[in-house]
Amino acid sequence: MNKNDYRDMWVFIEHDGETIQPVSLELCCEIRKIADAAGEKLVAVVVGTLPESETEKLMETGVDVILRVSGTGYGYFNVDAYANLFTVLCRKYLPTAVFVGGTINGRDFAPRFACRLPTGCTSDATELVWDPKTTDIEFIEPAVGGKMMAVITVPVMRPQVGTIRPGTFKYVPTGKRPCSVIEETVDFPEAEIRTRVLDFKADDFDESLNIADADVIVCVGNAVKVDSLPKYRELAALLGGKLGCTRPVFDRGVLPFKLVIGQSGVVVKPKLYLSFGVSGAVNHVTGMQDSGCIVAVNKDPDAAIFKYCDYGIVGDMDEVCEQMLRHLRR
Amino acid sequence: MLNILVCVKQVPDVNLVKIDPVTGSLIRKGVPAILNPLDANALEAAVQTKEQYGGTVTCITMGPDQAAEALRECLAAGADKAILLSDRAFANADTLATSYVITSAAKLFGSFDLIFCGKESLDGATGQMGSQLAERFDASQLSSMSLLLAVDEAGKTVTAERELEKGVETAEAKLPCLFTVEKTNYRPRIPNLKSWKASRTAEITTLNSLSIPGLDPAQIGDPGSPTKVPRTYPPVVGESGHMIDEGSTEKNVDTLFELIADVL
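Protein sequences appear in the order of chains A and B.
If you read the first sequence in this note's numbering, its first letter stands for residue 1, the second for the next number, and so on.
If you read the second sequence in this note's numbering, its first letter stands for residue 1, the second for the next number, and so on.
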């Protein structure tokens with residue numbers, strides 16, 4: 001494999017025929033920067049058709065090329081057709097990198113086509129840097145439960161495949177550029193699709209589980225006692241906000257995954273983020289560091305969270321929470 | 001009779017890993033190695049499936065010799081057979097190389113109808129192993145599987161529920177099928193004393209790189225891993241925030257509310 005034969009950075013545009021997944025647009029904005037650094041084109045791979053307004057939105061991120069794919073097998077998302085498609089496209093066009101939003105679908109097919117090619121696949125990077133010396137992309141991410149940062153590269157193989165969690169990068173479109181369209185047809189025989197959707201039941205919309213857009217978040221860490229949870233719920237409610245948690249709280253089975261804030265959960269940007277008993281591991285901090293004001297309460301004066309907060313209180317989390325409730329009630 | 005495989009990993013309990021403040025390296029000493037918590041849910045799903053439809057549950061792992069302990073935990077909780085893949089040549093493998101070794105070895109033990117994996121590991125946490133194992137087993141895949149509804153052995157299909165971002169999907173997949181398992185409905189069982197005791201002395205089949213015929217040395221361990229970790233560094237942290245220390249919780253909270261008044 002000669003790395004010089006490979007050119008251009010791709011972003012898979014996940015959509016439902018009506019709207020593009022926000023993560024795909026976030027990725028276009030971020031990859032625009034590293035494609036410029038590398039002097040390569042930003043290519044958006046769109047399977048099926050998009051409404052004109054969505055294509056417009058996509059072009060506003062500065063894509064140079066839209067690779068529009070049609071064919072059989074893409075009527076509903078299935079790993080078989082999409083893994084085949086990207087294997088075929090990568091072998092034909094030789095991109096240097098392929099970025100896929102870290103949705104359930106994206107995380108299903110990206111590692112699979114990477115394995116088939118084969119090439120290296122990374123997941124959940126929180127920072128991307130293009131290294132002019134090696135021409136490799138550095139995928140930087142928290143490791144070992146957030147206690148270290150690891151730089152991951154794919155130094156020999158191409159393309160470099162990465163899945164990135166929604167909300168990791170910001171949607172800041174830099175404006176249209178001259179954009180060409182390549183039409184491509186790749187048929188996948190429908191008989192070879194091995195999965196079939198029989199039914200889909202949308203979750204009852206539970207507003208309390210939708211924390212991504214909350215203005216105020218009360219986040220509990222691993223130190224939380226199950227019996228104390230109602231206190232934190234009440235505090236969140238009195239402040240007009242919502243309850244969130246760190247990953248270990250979910251691992252203990254105390255709160256649902258949709259409330260997990262961090263690298264492998266939801267990325268939040270509330271005006272006020274109040275943490276109780278949160279140690280401050282980077283993979284959690286990654287998910288909340290853009291909050292307007294960060295308040296930390298922890299009994300350990302050396303807890304890392306105090307390095308990230310605007311205001312800190314060393315003390316017993318339940319005691320501070322109860323005092324805050326008393327303060328708000330009066 | 002179903003031939004069921006569960007792929008597991010032994011991981012350091014990362015919540016207990018500390019960083020040496022001087023060298024910045026990980027202090028692994030004294031940190032217990034545990035069965036990856038989400039793999040216990042995968043095992044439970046596999047054992048429940050065996051109990052309902054009949055069959056054999058084989059668990060497999062790649063790791064150092066002490067990873068046998070994770071397999072014994074699986075045997076105590078209902079697995080029938082255990083395979084340990086242990087060789088220095090397997091070290092420093094990424095998901096591509098690991099999935100290659102696991103599938104190459106597993107194929108020596110027959111063809112599997114159902115393969116169960118945890119959603120991700122506590123340490124690497126890439127969440128990629130399920131997809132890459134499915135690719136190498138040439139299996140269909142149902143990720144985020146929360147409830148296995150039915151196995152149709154004659155029709156060679158399986159039906160299961162998946163927990164997706166916005167709801168629950170019911171899907172049908174052809175066998176062989178690989179699942180990554182949600183913990184929702186598969187809380188790990190507590191082994192009884194008898195099965196725990198039996199697991200202590202149960203046989204564990206151990207293979208190295210030479211005992212897997214045809215294994216390509218270029219595809220295992222470090223040489224077989226396209227992703228590299230050229231460096232790690234401690235997270236960059238800022239200066240401490242403004243610490244509120246007024247002598248009592250009551251005064252601290254009053255001060256806090258004054259300070260955050262403009263954001264509320």
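If you are wondering where the hints come from, they were derived from the structure by calculation, not from laboratory data.
Bear in mind the structure is a predicted one, so any value in this text is a computation, not a measurement.
There may be inaccurate statements among the hints.
Claimed, not checked - Taking lysine-lysine pairs in the DSS-like style, the calculated list, with each CA pair at most 27 Å apart, reads:
| # | chain 1 | residue 1 | chain 2 | residue 2 |
| --- | --- | --- | --- | --- |
| 1 | A | K33 | B | K228 |
| 2 | A | K269 | B | K156 |
| 3 | A | K258 | A | K271 |
| 4 | B | K156 | A | K258 |
| 5 | A | K225 | A | K57 |
| 6 | A | K57 | A | K33 |
| 7 | A | K170 | B | K166 |
| 8 | B | K166 | A | K57 |
| 9 | A | K225 | B | K18 |
| 10 | B | K166 | A | K271 |
| 11 | B | K29 | A | K92 |
| 12 | B | K156 | A | K201 |
| 13 | A | K201 | B | K174 |
| 14 | A | K225 | B | K251 |
| 15 | B | K166 | A | K201 |
| 16 | B | K174 | A | K299 |
| 17 | A | K307 | B | K166 |
| 18 | B | K29 | A | K299 |
| 19 | B | K29 | A | K271 |
| 20 | A | K201 | A | K170 |
| 21 | B | K228 | A | K133 |
| 22 | A | K299 | B | K18 |
Okay, the hints, checked on the actual structure:
With a C-alpha separation of about 23 Å, the suggested pair A:K33 and B:K228 falls inside the 27 Å cut-off, and the hint holds. The suggested pairing of A:K269 with B:K156 is violated, with an alpha-carbon distance near 47 Å, which exceeds 27 Å. Between A:K258 and A:K271, the direct Cα distance comes to roughly 20 Å. Compliance with the 27 Å bound is thereby established for this hinted pair. Taking the CA atoms of B:K156 and A:K258, the gap is about 34 Å. The hint is violated against a cut of 27 Å.
Distance restraint check for A:K225 and A:K57: the Cα-Cα separation of roughly 46 Å exceeds the 27 Å cut-off, and the hinted pair is therefore not satisfied. A distance of roughly 17 Å separates the Cα atoms of A:K57 and A:K33; the hinted pair therefore holds under the 27 Å criterion. Annotation: proposed proximity of A:K170 to B:K166 holds, straight-line Cα distance about 22 Å (limit 27 Å). Restraint check for B:K166 and A:K57: satisfied, since their Cα atoms lie roughly 24 Å apart, inside the 27 Å limit.
Note on A:K225 and B:K18: the hinted pairing holds, with a Cα-Cα distance of about 24 Å set against a maximum of 27 Å. Restraint check for B:K166 and A:K271: the C-alpha separation of about 25 Å stays at or below 27 Å, so the hint holds. Taking the CA atoms of B:K29 and A:K92, the gap is about 49 Å. The hint is violated against a cut of 27 Å. Note on B:K156 and A:K201: the hinted pairing holds, with a Cα-Cα distance of about 25 Å set against a maximum of 27 Å.
A threshold of 27 Å between alpha carbons decides the hint, and for A:K201 with B:K174 the separation of about 22 Å falls inside it, so the pair holds. Between A:K225 and B:K251 the CA atoms are separated by roughly 24 Å; this keeps the pair inside 27 Å, and the hint holds. For the hint pairing B:K166 with A:K201, the CA-to-CA distance comes to about 9 Å; that is within 27 Å, so the pair holds. Using a Cα cut-off of 27 Å, the hinted pair B:K174 and A:K299 is violated, with the two alpha carbons roughly 52 Å apart.
Note on A:K307 and B:K166: the hinted pairing is violated, with a Cα-Cα distance of about 35 Å set against a maximum of 27 Å. The suggested pairing of B:K29 with A:K299 holds, with an alpha-carbon distance near 26 Å, which does not exceed 27 Å. Proximity of B:K29 to A:K271 is assessed by CA-CA distance (about 41 Å); at most 27 Å being required, the pair is judged violated. Restraint check for A:K201 and A:K170: not satisfied, since their Cα atoms lie roughly 31 Å apart, outside the 27 Å limit.
Taking the CA atoms of B:K228 and A:K133, the gap is near 16 Å; set against the 27 Å cutoff, the hint holds. Restraint check: the Cα-Cα separation between A:K299 and B:K18 comes to about 18 Å, which is no more than 27 Å; the hinted pair holds.
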